[in-house]
Structures are given as structure tokens and as C-alpha cells.
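Those protein sequence lines, which keep their order, are chains A and B. Residue numbering for the first sequence follows the working numbering, beginning at 107 and increasing consecutively. Residue numbering for the second sequence follows the working numbering, beginning at 8 and increasing consecutively.
Since the hints were derived computationally from the structure, they do not count as laboratory data. Do not rely on the hints blindly, as some may be mistaken.
Unchecked claim - Non-contacting residues of chain A with respect to chain B, defined by C-beta distances greater than 12 Å in every case (computed):
1) 238
2) 247
3) 263
4) 359
5) 592
6) 650
7) 714
Said to hold, decoys possible - Which bits of chain A does chain B cover? Going by a derived footprint, with three or more residues having C-beta under 8 Å, they are:
8) 124 to 135
9) 457 to 471
10) 476 to 486
11) 495 to 509
12) 674 to 684
Even for Gly, the Cβ is constructed at its ideal location relative to N, Cα and C.
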Amino acid sequence: MEMNLHILVGLPLVCGFVLFLFRNERLNKNLALLVLLLGFIWSINAAIRPAPQKAIELIGNYSLILGSNRLSGLIIIFVNLFGLLTCLYSRDMENKGAFFSYLAWLIGFSNLALLSADFITFIFSWGATLALLYALLNLGSGRSAKKAFSIVGFADFSLMLGVCLYIAVTNSAVMPQGRGLALDNPMAWFSFILMLVGAFAKAGCAPFHTWITTAAEDAPVPVMAILPGSLDKLLGIYLLARVSADFFVLNGAAMAILLLTGGLTIIFAVMMALIQHDLRKLLSFHAVSQVGYMVLGFGTGNALGFAGGIFHMINNAVYKSGLFLVGGAVEKRKKTFELEELGGLAAYMPLTFISGLVFALSISGIPPLNGFASKWMLYQGALSGMFNTPNSWLRLTFLFAIIAAMFGSALTLASFIKFIHAIFLGEGRAERKAQPKEVSFSMVFPLLILALLCVLLGVFPKLFIGKLIEPWVGQAISFSGSWDSLFVFIFLAAGLAAGAIVYFTYASKGTRQDGAYTGCETAPPEPSYPATEFYKTIQSMPLAGKFYGLMKQEALDVYNILSGILTIAGRLLYIFIDRLIYVLTSAAGYSVLGLSWVFRKMHSGVLDQYLAWSLAGLLAMFFILMAK
Amino acid sequence: MNPALGAISLPILGAFIIKAFPKKHKPGLSVLTLFATFILCLFAVPPVIKFKEIIFQKYFTDWFSLSFVIDGLSVFMAGVSSFVALLIGLYSLEYMKEYADKDEFYFWTLIFVGAMMGLVFSSNLILIYCFWEVTAVCSWKLIGFYRKEKDAKAADRAFLVTFFGASLMLLGIVLIYLAYGTLELSNLKTQAIGNLFAFLLLGGIISKSAQLPLHTWLPDAGVAPTPVTALLHAAVLVKIGVYVFARLFYLTFIPTPVFLNSVIALCAITIVVAGGAALVESNMKRILAYSTVSQLGYIILAFSLGTDLAFKMAMLYILAHSLAKAGLFLCAGIVEHKTGTKDINELGGLLKTMPYTGTAYLLCAFAIIGIPPFLGFWPKFMTVLFTVQQGHLWAGILAIAGALFTLFYLMRLFDRVFLGEVKIKAAEESRSLMVTVVLALGISSLLLGLGIKFPLNFLQAVVR
Numbered sequence: 107m108e109m110n111l112h113i114l115v116g117l118p119l120v121c122g123f124v125l126f127l128f129r130n131e132r133l134n135k136n137l138a139l140l141v142l143l144l145g146f147i148w149s150i151n152a153a154i155r156p157a158p159q160k161a162i163e164l165i166g167n168y169s170l171i172l173g174s175n176r177l178s179g180l181i182i183i184f185v186n187l188f189g190l191l192t193c194l195y196s197r198d199m200e201n202k203g204a205f206f207s208y209l210a211w212l213i214g215f216s217n218l219a220l221l222s223a224d225f226i227t228f229i230f231s232w233g234a235t236l237a238l239l240y241a242l243l244n245l246g247s248g249r250s251a252k253k254a255f256s257i258v259g260f261a262d263f264s265l266m267l268g269v270c271l272y273i274a275v276t277n278s279a280v281m282p283q284g285r286g287l288a289l290d291n292p293m294a295w296f297s298f299i300l301m302l303v304g305a306f307a308k309a310g311c312a313p314f315h316t317w318i319t320t321a322a323e324d325a326p327v328p329v330m331a332i333l334p335g336s337l338d339k340l341l342g343i344y345l346l347a348r349v350s351a352d353f354f355v356l357n358g359a360a361m362a363i364l365l366l367t368g369g370l371t372i373i374f375a376v377m378m379a380l381i382q383h384d385l386r387k388l389l390s391f392h393a394v395s396q397v398g399y400m401v402l403g404f405g406t407g408n409a410l411g412f413a414g415g416i417f418h419m420i421n422n423a424v425y426k427s428g429l430f431l432v433g434g435a436v437e438k439r440k441k442t443f444e445l446e447e448l449g450g451l452a453a454y455m456p457l458t459f460i461s462g463l464v465f466a467l468s469i470s471g472i473p474p475l476n477g478f479a480s481k482w483m484l485y486q487g488a489l490s491g492m493f494n495t496p497n498s499w500l501r502l503t504f505l506f507a508i509i510a511a512m513f514g515s516a517l518t519l520a521s522f523i524k525f526i527h528a529i530f531l532g533e534g535r536a537e538r539k540a541q542p543k544e545v546s547f548s549m550v551f552p553l554l555i556l557a558l559l560c561v562l563l564g565v566f567p568k569l570f571i572g573k574l575i576e577p578w579v580g581q582a583i584s585f586s587g588s589w590d591s592l593f594v595f596i597f598l599a600a601g602l603a604a605g606a607i608v609y610f611t612y613a614s615k616g617t618r619q620d621g622a623y624t625g626c627e628t629a630p631p632e633p634s635y636p637a638t639e640f641y642k643t644i645q646s647m648p649l650a651g652k653f654y655g656l657m658k659q660e661a662l663d664v665y666n667i668l669s670g671i672l673t674i675a676g677r678l679l680y681i682f683i684d685r686l687i688y689v690l691t692s693a694a695g696y697s698v699l700g701l702s703w704v705f706r707k708m709h710s711g712v713l714d715q716y717l718a719w720s721l722a723g724l725l726a727m728f729f730i731l732m733a734k
Numbered sequence: 008m009n010p011a012l013g014a015i016s017l018p019i020l021g022a023f024i025i026k027a028f029p030k031k032h033k034p035g036l037s038v039l040t041l042f043a044t045f046i047l048c049l050f051a052v053p054p055v056i057k058f059k060e061i062i063f064q065k066y067f068t069d070w071f072s073l074s075f076v077i078d079g080l081s082v083f084m085a086g087v088s089s090f091v092a093l094l095i096g097l098y099s100l101e102y103m104k105e106y107a108d109k110d111e112f113y114f115w116t117l118i119f120v121g122a123m124m125g126l127v128f129s130s131n132l133i134l135i136y137c138f139w140e141v142t143a144v145c146s147w148k149l150i151g152f153y154r155k156e157k158d159a160k161a162a163d164r165a166f167l168v169t170f171f172g173a174s175l176m177l178l179g180i181v182l183i184y185l186a187y188g189t190l191e192l193s194n195l196k197t198q199a200i201g202n203l204f205a206f207l208l209l210g211g212i213i214s215k216s217a218q219l220p221l222h223t224w225l226p227d228a229g230v231a232p233t234p235v236t237a238l239l240h241a242a243v244l245v246k247i248g249v250y251v252f253a254r255l256f257y258l259t260f261i262p263t264p265v266f267l268n269s270v271i272a273l274c275a276i277t278i279v280v281a282g283g284a285a286l287v288e289s290n291m292k293r294i295l296a297y298s299t300v301s302q303l304g305y306i307i308l309a310f311s312l313g314t315d316l317a318f319k320m321a322m323l324y325i326l327a328h329s330l331a332k333a334g335l336f337l338c339a340g341i342v343e344h345k346t347g348t349k350d351i352n353e354l355g356g357l358l359k360t361m362p363y364t365g366t367a368y369l370l371c372a373f374a375i376i377g378i379p380p381f382l383g384f385w386p387k388f389m390t391v392l393f394t395v396q397q398g399h400l401w402a403g404i405l406a407i408a409g410a411l412f413t414l415f416y417l418m419r420l421f422d423r424v425f426l427g428e429v430k431i432k433a434a435e436e437s438r439s440l441m442v443t444v445v446l447a448l449g450i451s452s453l454l455l456g457l458g459i460k461f462p463l464n465f466l467q468a469v470v471r
């Protein structure tokens, strides 16, 4: 464990400090790459040969315990892989600031979070990634960084409280592995909900997702790819997996909460994605929508759904960070994220196009790519959950979730048709001005690796599930539907190859192009259909129109709600307690002054008055003595 | 020579001796005295590690004696106070440069530091009370430093409110003498204390440490020069109440559960009310002062849990808060110095010209909010954990709500002052002692949080 700690946590942290102190461009790029590469290699070793736990005494009977489990071992590999690829990709990034130090720190603390076997270490490293989230988004704009920090900070504090409750109930700060708490008392429920909030905000599940879509407007692309694109998903869903499989035993109500949140997130976010004009915003809404599938998977409460959720998390991180990086490559050449300004890039950036296409098909759940493989598992998990539950309400919730997932998948495809068409196909508007080239090798290489992963994970899912996910779920996963992706892949590949042969045989001869001729007039130019107009009609539909109107006002943004509640609460506390006390203490002060004014008036220096007082005093004494 | 006696007498004597020196040497000599005081406090550490507790007394009568105690708590408090005082002294070399009567500032600051040292090392209730009132006088003189009517009013309010609390405490001390026949803390150890006595003593503590309902003087005290606010009203003076609470109700008397539970409730309410008020205010220093009120609530909360671990966490909280809150006030001071206003509505976009101050502000703010890996995280999280573990669920929830308020008001302040459009232009930051000091405070919060074993081991070593 010591070696794990040193290489996966210590080294990136120290490297971050070195990079922060010496802002040397070349050193930054290469040292970070070296350290992250070492971390990646070591993470595979750590996953294959899990080290025994190690406890570092903190204070009293509280210790920091390090030790990976099967799930975290798997996720650590991907955390380090994404760190490495992002680092490689951002070599040519402009205005980096301290990007590489933040990246190294982020990877270090994420590794620590995954290596922690007790709640205190976990909360510590988990919270540290929040500080880095802020630092990284701050490279874009301070305002959206603040928003993200506030929302995720709120979630972290509720996670903190949830953990405190959990420790108080179970009387142990060690994270349990299986045999969790039953949700049969209010304390357990409260703790469960608070931990869910923590996981949801990190992963970007509705309604805590708005920081992602705001950050998409101005954060640098590598930051979007590493944080909401991959790392925060991995961490957030890891926590969700631990919460729903290890810390608690889910009951019907808890499953319904997860299913509803998942289903609503899918539908809502994909609806928003449909109408986006900005490439990054479009991707960010899909980043939210995909989380819905994972949450839904954990809501099924069965092994197949859990495995599907984990598998979808990995798959999503692969293609979503890939998509963000494609967006970055496009922006690098065309200097814009506006879909209306883009088009026809497939001819100039073929490698970017191919990987972008693979990612887009993958996220839309087209077989035999990885997005389909995990969605397939999720559907089956949800269906078997639905048939196995005796409760008719829960069955209805399952049904809703399945419909939402299917519907969402179709809309995702629709949205990515727009994406591919607007960027790579059709005629570009600004294209005549400059002919863009393919981006540099260090930028394309990560894209190709990720695209290859999409294909491999999609074609050989059973290998992956069997080796890495089944041990965590603790049982062999049986599929109720039959589907052989290798078989399909071979057929598809043969079809593509045949198409390519046909194309290249004829393309070499060239084609003849004629102008259209109708009667005696030249034909009017062919009407063009810009991809951004594809789904404009939905906005004018009766129910959807209302929904979009509400969304535009940001009335349902959890950030606005949260700061509104806090401001009102603050104002009430201020006026009714703080100011009230202020007035009362001032009144006490003035009453003393008033009293002294009375005494001052009594001592006017006039002899008659003093005599009158003396007489009054004598009389008073007389009556008191008489009364006795 | 005894390091504790040295640390008490050096700044007090120094203040008078420095009066005799020529004007231009006074600031430098004062800071040098602060440095020597800090070193003397460090000399007290090895004996504490060896013997845990050293008591020495002179002129012993049953009600008054010059008796002092050197133990973990007093050395820790003295070390933290003198260290922060030294940093703030360095900062004020530049900040106070242009004020004509800055000699007075240094004089009263040194007297204050001496009184603070006296208070933390004292082991007799009357002696504590004497030093307690000396600090009140220093605070009164320093709040009214600028001599305008508004300043004098705020100074009077601070003095009167804390004096009111102190007189309650004095009454409590008298009653304790009547009941137990001694005011020596070493003789009062492990005695049970009745609710009436305890609440009277608490009156003094909450007035000094600005807890509800005697907290209103602290936001008003923001009219003082920034180093004063940072030293007295954020880092050191307000910790006196906290210190005495720990000394009396954890190390000396055994209070009743009713008393401790009411203190926990009071602190939890203070945390939230002050947090809410900080979100409403628009004056930088008032926001930070309310924040101090709120954070002090956590510290007393931790002390009133009455366990060994919570006690150590509260001490850690004192360290974390002293460093980071002093840093925040000093950042606000730099902003005020450059723009001439404290109103966050008149400020904006300063990050462009003052990147280092902005960064230091963020580092300190993260530490106060309690974001890992900053030092502030550890005591805040552990305090909430212990509170919930002891069954005070509501106090735990309010403490987390307070943390959320902290996040929002500190980020709101940062947003208004450093982001957005530039409203009042500030000159470009240059190499400056002030900026170095605030960065040092922010970075030390970060490093101590990462290397949490170091402060914890120290606490383990000095506290029984």
C-alpha cells in the first residue's frame, strides 16, 4: 500500500507543487506527462495485485485507512488514463496558467479518494477535488467557477453531514464493504439522502447539474473533458455505487427515488441538448443526460443493473471526454464553438471526424459500440427489476424509467445527427476563408485511443464485465436477452469494407457534375438546411414550449434556488435576531444615559432642592421605620 | 529566566522603553519585540513536552497570588497569538506608514500582546480578570484610533458591552471565592460548579468572544485600522473568551450537563445567525467580523463537548481560524488601502491588478469555509462529527448550515470585490510586505492542512 500511496498520490501532489513553483513551459508539459504515465502504469499493477490495507493513526481512535477494493481498483485505472490523455492533449493549449499543476493535484487527490477505506480520508480527498474544481474552472471564468463551487460545495457539506450521521449510527469510521445499513429508521434515511446529494452534484445529475452547463460556456476544453466529462463522473458514480451497494441496503422507496431521478434527468437534459447552438453546451447537456442512465442502473437494485451502471460510467467517460476533446480540436482550427459557423470539416480533419463519429454513435447507443453494450445491460436490469417486484407502484416507476431511457436514447441520436451534420458534413460557412488542417498528433492521439476503446469495449463487453465488474458485484452476470456483438461487428465491418472498396474504385475515376437545367431557366439554388434548425419545431410545441420558456428564465436552477433561500434566511436572521439584539442593547445603553440625566437634573446646585430631597429622604425613612 | 514571565513582561516593558526612542525607529523596534516574544513562547515548549504542566506561585494568599501555569493550552495559545501578532506587526510596518500617530498604535499593541500573554499563563482567577480588563482598555484605545465621533462611539460600545460581561464574570468570581474559599485554579481542579456560577462566568466569556446576545460590538469595531481588527478582533483578543472557557470549564471545573447543553445550543444559534448576517452586510470588514462571530461559535461548541479529542480539535480550530481570518482581514485592508472604500458594492474587478491579494484571499477563504486540504477542514469536520456523535443532531445540522453560509458570504465578497467590472481602479500590485504577509498566511493554512500530522502530533505531545 505504501508504494500505491507514494506513486498514485504522493508523486502527483509533489509534482504539482514543483510545477506550480517553476512555471517553465517545457518542464510543465513533460514532467506532468511522465508522472501521469507512471501513475497510469502503476494503477494497472495496483488493480491486478491489490495491496493489504494500511492504517495511519490520525488522533485518538481515528485513523486514516488506505486500501482499495475491486471497484475502486478498476476506476483508478481510468482516472489515471484520462489524466494522462488530457495531459497529452493539452500540450498545445494556450493560456494554461497553472493547468498542469492543478491537473496533477486533481489526479493525486482523486486517487486518494479511491484508495481510502475510511470516511475521513475519503471526505478529505473528495473535498480537495472541489478546491481543484474551482481552480480549474477559474481558468475560464470566475463567475462560473463560483457557481460550480457553490453547488458542489453545498453537496459536499451535505455529504459531510451524511457521513457524520452514518458514523454516529454505526459507530465506526471505516467504510463498510457490503452488509450496509438497512433504511429502516429516520437517521439512516437522512444520511442516505445527504450522501445521495453529494454523489449527484459531483456526477452532475439533475437537479444539481447546472454548474456543468454554465461552466461549459467559458471553461477551457481540456478542463471540461477531465472534470464533468470524465473524472467527476467516475468519482460521483463511484460514491453512488458504494452508497447503494455497500453502505445501505436499498428498499423499494430508495429504488424509486433513484429510478425517478435517473429517468427525469435523461429526458430533461436531452430535451435541453436538442436546442443548443453552442457545441460545448450541447455536449454538457448530454453529459448530464448520460448520468441519468447510471443512476437508473443503481435504482434497479439488482446485480445486472449495478454492473450496467458501472459499465456505463466507464463507457460514458470514454466517449464523453472524447467528444469534448473533438470539440476542442474543432475550436483549435475554426476558433468558434457556434454550430452555425461550422460545417464540412470532415474533408479536412478526417481523423477527428472518424473519432467524433465513433463517439457520437457510441453515445447514441448504436450497436456494436460500447454505449450500446452498457445500455443493453441497463435495459435488461430494469426489465428484470420490473418483473421481480411485487409492488405495483414500484413496477410503474420501473416502467417510467425504461420508457425514459429508450426515449432519451432516441433523442440523443437525433441530437448527435445534428452534431455530426453541423460540424463535419454539409457546407461550412466560413470554410471559404481558410482551409483548416488536421490538428497536431498530440491532440489527435488521445482521440484515437478513446475511439479505439469505444470499439473494443463495445465488441468485447463480456471480457471486460467478466474480468473487472463481476468480482465487485459478487456474482456472475447473466443476460436475459441474447446478443453477440462480435458477430455483429464482423458483419458491419465487412459491410463497411465493401462500401470502401466500391467508393475507392469509383472515386478514382472522378464524377461528372452538371448544372441543373429546367426548361429555359436556370434552376433556383438548392435550399440548404442548416443543422441548427433541425429541431426548432419542438420549441413551438404546446407543452415543450412552456418547458423551454421556464428553462430560459433559469427559474429552476438549483444555484438560484439555493442562494435565494440562503439570502432570505440570512435576511430574516439578521433583522429578527441580530438587529433586534442590537436595538435592545442600544436601548439598555440609552436607558442608563437617561437615568444619569435624571440624576444630573436632581443635582442642580440649588440649595432648596437639596433640602427638599433631604426632607423626602427623612420622610421615607420615617415611614419605613414606622411600617416595621 | 522563566520563558512565560519573559513573554509577559517583555512586550509591556518594551512598550514603555520604546517610547524613549526616536520616532523613526519605533515601528521596527516594536516588531522586533514581537519577534522576541514569539521566540520566548517557543522556549516554553520543550519543558511542557517534558513535564506537561508547570505551576509557580508567589505571594500566596487565599484569594490572590502571582501564580502562573505553563501547560499545553497556555503555550499553544501564547505561541499562536504571538506568531500572528508578529505577522500582523510586519504587515503594519507598511500599512501604518502614513499615519502620524502610529506610535500610539504600536504602544497599545505591545501592551495588548503583553496582557494577552499574562492572561493565558495566569492561574488565578483575579489575575486573569486583571489582564482581561487590560486587554479591554487596549481594545477601546485601538478601536477609537482615528478619533472620529463614529470611531469613539464604536469603541465605547465595545468597551461597555465587554465590561458588562466582565462584571458578570467578576460577580461569578466573588461567588466562587465565597463558596470554595480560594481563587487558585490549581486548587479548584475537578470541583463541580453550580449552574449560577457557571452562567455568570459565561457572561464574560460570550461578551469577549462575541457570542449571541453580546456580539454586536464586534462588527462595529471594524472602524479600527485593519491591523487592529485583524489582531484584536479576529485572531487574538476574541480568543480570550474561548481560552477562558477551555481553562475553566474543561481543565478546571466540572460543569453540569445542563450548562454544557445550553452552551452548545447558544453556539449553534450564533453560528447560523452570524452567518446569515454576514450574507446581508455590504461592508467588507463587517462581513468578516460576523464571520468571526460565527467561527468562534464552532470553537466554543467543540470545547463544550467536553472530550479530549474535541478539546484538541478546538485548539486546532483556534490555530486555523487565527491564521486564515487574520489573512482575510489583511486582504480586505489592502483593498481598502488601495481603493479607499470598504463597501463591496463600490468595488469590482480588482483581480486584474491585484492577483496576489486575490489569491491569498481565496486561500484563506477556503480555509475558513473548511474545504480540504486546507487546515480549516479538519477541526470543522471533526467538530461536526463529534457533535453528531454525542447526539446533538440539531447542533450538527446548524453547524453545517453555518458552513454553507460561510461558503456563500465569502464567495459573494470575492465575487463583488475581485470579479466583474472594474469600478474603482487600484494601482498595480508591486513587491510589497503586506502582500507577502497575506500570502504567507494563506499558504501556511494550506501546508498545515496537508501535513495535518504535524500540528496533531504537537497537540498530542503538549496536551495530557
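Against the structure, the hints come out as follows:
1. 238: Per Cβ check, residue 238 of chain A is inside 12 Å of chain B; nearest 10 Å; violated.
2. 247: Since the minimum Cβ distance to chain B is about 8 Å, residue 247 of chain A lies within 12 Å and the statement is violated.
3. 263: violated (5 Å)
4. 359: holds (22 Å)
5. 592: holds (45 Å)
6. 650: holds (34 Å)
7. 714: holds (36 Å)
8. 124 to 135: Coverage by chain B is violated for the segment 124 to 135 of chain A (0 residues, Cβ < 8 Å).
9. 457 to 471: violated (count 0)
10. 476 to 486: violated (count 0)
11. 495 to 509: The restraint on the segment 495 to 509 of chain A is violated, since only 0 of its residues have a Cβ under 8 Å from chain B and three are required.
12. 674 to 684: holds (count 8)
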